[in-house]
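Enquirer: Protein chains in written order, with my numbering: chain U, 1 to 238; chain H, 1 to 234.
In case anyone wonders, no lab produced these hints; they're calculated from the structure.
Hints should not be assumed to be uniformly reliable.
[As the list claims (entries may be wrong)] In the DSS-like style, the derived pairs of lysine-lysine whose C-alpha atoms are separated by at most 25 Å in a straight line are:
1) H/K53 - U/K130
2) U/K60 - H/K126
3) U/K133 - H/K140
4) H/K105 - U/K48
5) H/K53 - H/K216
6) H/K27 - H/K105
7) H/K134 - U/K61
8) H/K123 - U/K136
9) U/K61 - H/K54
10) U/K112 - H/K53
11) H/K53 - U/K149
12) H/K225 - U/K112
13) U/K147 - H/K216
14) U/K60 - H/K216
15) H/K105 - U/K60
16) H/K134 - U/K60
17) H/K216 - U/K136
18) H/K53 - U/K133
19) U/K133 - H/K54
20) U/K112 - H/K105
21) U/K60 - H/K140
22) H/K225 - U/K130
23) H/K54 - U/K130
24) H/K123 - H/K143
25) H/K105 - H/K53
26) U/K153 - U/K124
27) U/K149 - H/K105
28) U/K112 - H/K54
29) U/K61 - U/K219
30) U/K124 - H/K225
[To be verified] So these bits of chain U aren't anywhere near chain H, every CB distance computed over 10 Å:
31) V13
32) F20
33) Y40
34) E43
35) D44
36) K48
37) N70
38) V77
39) R99
40) R103
Just so we're clear, the structure is a prediction, and the values are computed from it rather than from any experiment.
Built from N, CA and C at the ideal position, the CB exists for glycine as well.
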Amino acid sequence: MASGSVADQEGQVMLLGFWFSPFVKRVEWALKFKGIEYDYVEEDLTNKSTLLLTSNPIHKKVPVLIHNGNPIAESLVIIEYIDETWQQNPILPQDPYERAMARFWANFIEQKVREPAREALFSKGEQQEKKVKELKEGMEVVEGEAKAKLNDKTLFFGGGNGVGYVDIVLGWTCNWMETIEEVGGFKVLDPESQPQFHKWMANFREVPFIKPTLEPKEKLVEFFRMVRQDRLGLVANK
Amino acid sequence: MAEQKVKLLGFWVSPFAYRVIWALKLKGIDYEYIEEDIFNKSPLLLQLNPIHKKVPVLIHGDRVISESYVIVQYIDETWPHCPLLPQDPYERAMARFWADFAETKLLNTAWLGLCARGAEREKAAKLAMEAVEKIEEVVKGKKLFGGESIGYLDICLGWISYWLPVWEEVGSMQIIDPIKFPATSSWMNTLLHHPVIGDNLPGRDAMIEYFQKRSKDIYESDWFKDIIRLHLHP
Chain U
1 MASGSVADQE GQVMLLGFWF SPFVKRVEWA LKFKGIEYDY VEEDLTNKST
51 LLLTSNPIHK KVPVLIHNGN PIAESLVIIE YIDETWQQNP ILPQDPYERA
101 MARFWANFIE QKVREPAREA LFSKGEQQEK KVKELKEGME VVEGEAKAKL
151 NDKTLFFGGG NGVGYVDIVL GWTCNWMETI EEVGGFKVLD PESQPQFHKW
201 MANFREVPFI KPTLEPKEKL VEFFRMVRQD RLGLVANK
Chain H
1 MAEQKVKLLG FWVSPFAYRV IWALKLKGID YEYIEEDIFN KSPLLLQLNP
51 IHKKVPVLIH GDRVISESYV IVQYIDETWP HCPLLPQDPY ERAMARFWAD
101 FAETKLLNTA WLGLCARGAE REKAAKLAME AVEKIEEVVK GKKLFGGESI
151 GYLDICLGWI SYWLPVWEEV GSMQIIDPIK FPATSSWMNT LLHHPVIGDN
201 LPGRDAMIEY FQKRSKDIYE SDWFKDIIRL HLHP
């Protein structure tokens, strides 16, 4: 088991995370995709460990990857680090232009889908309506890109049958989007107007190394309902 | 591919466009600059960047790339001489981490400070200063973030050396106190004296006038109240 000192982790790969965090899940997917052995440390949101606080003093957040005693934070930074350090099963494309496109889409997903989704979850009334509208617009663009890139032969944004960077960055939508909808009390997912995205979600959920990692929706709903109530100072409904 | 024609769509006062200009000039890459009026967007811009409708946009042959840090990394990978990102994966991760930190914790808060007023301006400036405290620790003991030569992080943070003092003046706020932040101040100075940076900057008087107007227009807009609420009163 890990000791408290960052310097003790020579040669070892350790991931500090929360079971409910979509950012942590991304990093786990990247590690599993490359077949990298790692020690997972479940952090306590209300009682962050010394290891976490010393490894990520700036943001004090998970995920944090610790490799050869060196801590790295921010999920997208970690994924690029993993891709550059372990050469097998590349996550990002090789060609600089394809890489630029992958980074562009990752940034879009963060800014125009993930952020509004989070803000919609933790707001109500008119403020929430604005964020849901933003989120729907973001999803329209994602559906457009899915229509342009995916078909019966190309199941994933990574090309062909293999997942890539964009799939890993977008993957949280497979579980967390329904959770956010239920807890936040709004609807964004629509199989009729987002057919290609829904196909992608169904395929992503079945990827052998992804499937066992997906948390049951009920568990996520229960947890995020608590967090939302706490954030908004709401009284519990049941 | 590297020999194909390069064009850059920019806006004369955009710090994001300048990141790309500096990267191109550091690598000695010839390019055609196209000035875009972001308040009256051209069909070309809307066609090339329909998603965000923003500058900078790099055109390389028939390739179109947007988002300044995506463009800079593309430039670095397509023209590998005079590398901007470090070679070591951990050092690269640190450069990317701090570029993201400066963007979310300093650039955004300093911009809020410029456009807000009263107590909200003070709060934004205070948050910006807290971010500079962290950056001070990273640059301490270094001539440049890239070591002896300009690197990715110097380019991403370069706006601090020239745009931030203008915002401080327009916003009557002090974020970089040279006594509190000697390493950062020294770095700013080094950058401004580097020919590629120092010779490639917009005119200061024009910037002051521009940002005075921008600050007023944004402060008076309806949507800015939402931004303030989201970022300063979460």
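Enquirer: With reference to the structure, classify each hint as holding or not holding.
Expert: Verification of the hints:
1. H/K53 - U/K130: holds (21 Å)
2. U/K60 - H/K126: holds (20 Å)
3. U/K133 - H/K140: violated (44 Å)
4. H/K105 - U/K48: At roughly 22 Å apart (the allowed maximum being 25 Å), U/K48 and H/K105 satisfy the hint.
5. H/K53 - H/K216: holds (23 Å)
6. H/K27 - H/K105: violated (29 Å)
7. H/K134 - U/K61: holds (16 Å)
8. H/K123 - U/K136: violated (32 Å)
9. U/K61 - H/K54: violated (31 Å)
10. U/K112 - H/K53: holds (14 Å)
11. H/K53 - U/K149: Holds, at about 21 Å.
12. H/K225 - U/K112: Given that 25 Å is the threshold and the Cα spacing comes to 20 Å, the pair holds.
13. U/K147 - H/K216: Between U/K147 and H/K216 the Cα gap is close to 42 Å, so the pair fails against 25 Å, i.e. violated.
14. U/K60 - H/K216: violated (36 Å)
15. H/K105 - U/K60: OK: H/K105 and U/K60 at ~14 Å, within 25 Å.
16. H/K134 - U/K60: Status holds; Cα separation ~14 Å.
17. H/K216 - U/K136: Measuring from Cα to Cα gives roughly 31 Å; hence the hint is violated.
18. H/K53 - U/K133: Within the cut-off at roughly 19 Å; holds.
19. U/K133 - H/K54: The given pair, whose Cα atoms are some 21 Å apart, holds under the 25 Å limit.
20. U/K112 - H/K105: holds (19 Å)
21. U/K60 - H/K140: The hint holds at about 22 Å.
22. H/K225 - U/K130: holds (14 Å)
23. H/K54 - U/K130: holds (22 Å)
24. H/K123 - H/K143: violated (31 Å)
25. H/K105 - H/K53: Within the cut-off at roughly 24 Å; holds.
26. U/K153 - U/K124: Violated. U/K153 to U/K124 sits at ~41 Å, over the 25 Å cutoff.
27. U/K149 - H/K105: violated (35 Å)
28. U/K112 - H/K54: holds (15 Å)
29. U/K61 - U/K219: At roughly 21 Å apart (the allowed maximum being 25 Å), U/K219 and U/K61 satisfy the hint.
30. U/K124 - H/K225: Since the Cα atoms of U/K124 and H/K225 sit roughly 17 Å apart, the hinted pair holds (cutoff 25 Å).
31. V13: Non-interface label stands for U/V13: nearest chain H Cβ at 13 Å, farther than 10 Å.
32. F20: holds (20 Å)
33. Y40: holds (20 Å)
34. E43: holds (19 Å)
35. D44: holds (23 Å)
36. K48: holds (18 Å)
37. N70: Label violated. Min Cβ-Cβ 5 Å, cutoff 10 Å.
38. V77: violated (5 Å)
39. R99: Violated, since 7 Å does not exceed 10 Å.
40. R103: Since the minimum Cβ distance to chain H is about 5 Å, U/R103 lies within 10 Å and the statement is violated.
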